[in-house]
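Student: So you can see what is in the structure, the chains are spelled out below.
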Amino acid sequence: MAVVVNEGPYTHQASDTAYQFTKAALEKGHEIYRVFFYHDGVNNATRLTVPPQDERNVQKNWSELAEKHGLDMVVCIAAAQRRGILDDSEAKRHGKGEGAANLAPGFRISGLGQLIEAGIQADRLVVFGD
Amino acid sequence: MSDTKRFLYVNRKAPHGTVYALESLEVVLIGAAFEQDVSLAFLDDGVFQLIKKQVTTGIGVKNFAPTYRALGDYDVKKVFVERESLEERGLSEDDLMAITHENDDEEDVSSVEIVDRARMAEIMAAQDVILSF
Amino acid sequence: MSTLHTVNKSPFDRGSLASALAHALPGDAILLIEDGVVGARAAAQKTADLVQAAMPACSLYVLGPDLAARGIPVTDVVGGMTVVDYAGFVDLVAGHDRTQAWL
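Protein chains in written order, with numbering that gives the first Met the number 0: chain V, 0 to 129; chain W, 0 to 132; chain Z, 0 to 102.
Honestly, I wouldn't trust all of these hints.
Claimed, not checked - Per the computed footprint, the stretches of chain Z lying under chain V, defined by three or more beta-carbons under 8 Å from a beta-carbon of chain V, are:
no.	stretch
1	74-88
2	92-98
As the list claims (entries may be wrong) - Straight-line alpha carbon distances no greater than 20 Å define the calculated EDC-like cross-link-like pairs of lysine to aspartate or glutamate that follow:
no.	chain 1	residue 1	chain 2	residue 2
3	Z	Lys8	V	Asp15
4	W	Lys4	V	Glu116
5	W	Lys12	Z	Asp34
6	V	Lys27	Z	Asp84
Everything labelled a hint here was simulated from the structure, so no lab data went into it. The beta carbon of each residue, even a glycine, is placed where N, CA and C say it ideally should be.
Pulled out of the complex, with its shape left as it was, chain V reads as follows:
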């Protein structure tokens, strides 16, 4: 299965629903080929959030799920550039200064082709959005 997340954390339920779905699918023994973050979905991948202690940490949920199951979580580079989600190489390439990189663990930045490829390789593709 492939999962697409079109919205960022907290403002829309999409990311939470996608997370619960992905977790349930993995628990049932399904293979999740890729989780692809597009549009504001790229905002799930910033390491800079500081949500209240008594609330879920959406970014950590995803990072920990990825670590536990070896999930491939891809953040679209075009959408990420628009919204300021950068890994070390992107931060350097665009001269954003030391320490600017904000990509959280478990996510990688790549092209839209990864979304199409996920659609080709997976048996099912599910979109979570607004």
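Place chains W and Z on chain V using the hints.
Tutor: Okay, now just chains W and Z, sitting in the frame of chain V:
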């Protein structure tokens, strides 16, 4: 065994109020390189993405409408627009921009097909992968 | 060959439920999630009629955790709709040939 899949891009929102029209078009263009069987569906308010003469200078955003006209260059030949969605909104095919592609005889032919709701449902049911934005 | 249609917004907010139902074919399933579960309430006559009309040709489902989160008891749900959890959601995705999100 071919691994060509039928991809449908579903567009149901008007342009500019949200980013989905622009960013879904970007997927279509990048996706062209994968040579899959691509169709685009415009229904509900999505039909507004294809209206002629969009002028965006007043709202200060880039006008990406001309990109739809380049779809033929990206080998996208199937653009389905829902008749009922047009009619409910008092629109007709004449309000839509021309989108063409070159056929096998190198003639420019229209890529746009107006389909009724029942046919749109059948088109959707024939796809392998449905991308909604 | 069948489709699972997901609807995540309330029918009072968006036309997505009506649009999904207008495009669903016999044998398809419709799953209401997130704010879309508002459309599962039997007491809202207009939307209950819409949902009921889709059955039995289509199978209707609603995500239990989203009902509970919004204080909608399972007993308030339109008759004939099946309440599922996330595991059930996964089964629905696996059990239909494609999933279409009506956003």
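Student: For every hint, state whether the structure bears it out.
Tutor: Hints and how they fare:
{"no.": "1", "hint": "74-88", "in the structure": "holds (count 4)"}
{"no.": "2", "hint": "92-98", "in the structure": "holds (count 4)"}
{"no.": "3", "hint": "Z:Lys8 / V:Asp15", "in the structure": "holds (15 Å)"}
{"no.": "4", "hint": "W:Lys4 / V:Glu116", "in the structure": "holds (11 Å)"}
{"no.": "5", "hint": "W:Lys12 / Z:Asp34", "in the structure": "holds (19 Å)"}
{"no.": "6", "hint": "V:Lys27 / Z:Asp84", "in the structure": "holds (13 Å)"}
Figure legend: structure checked against the earlier numbered hints; every hint is met.
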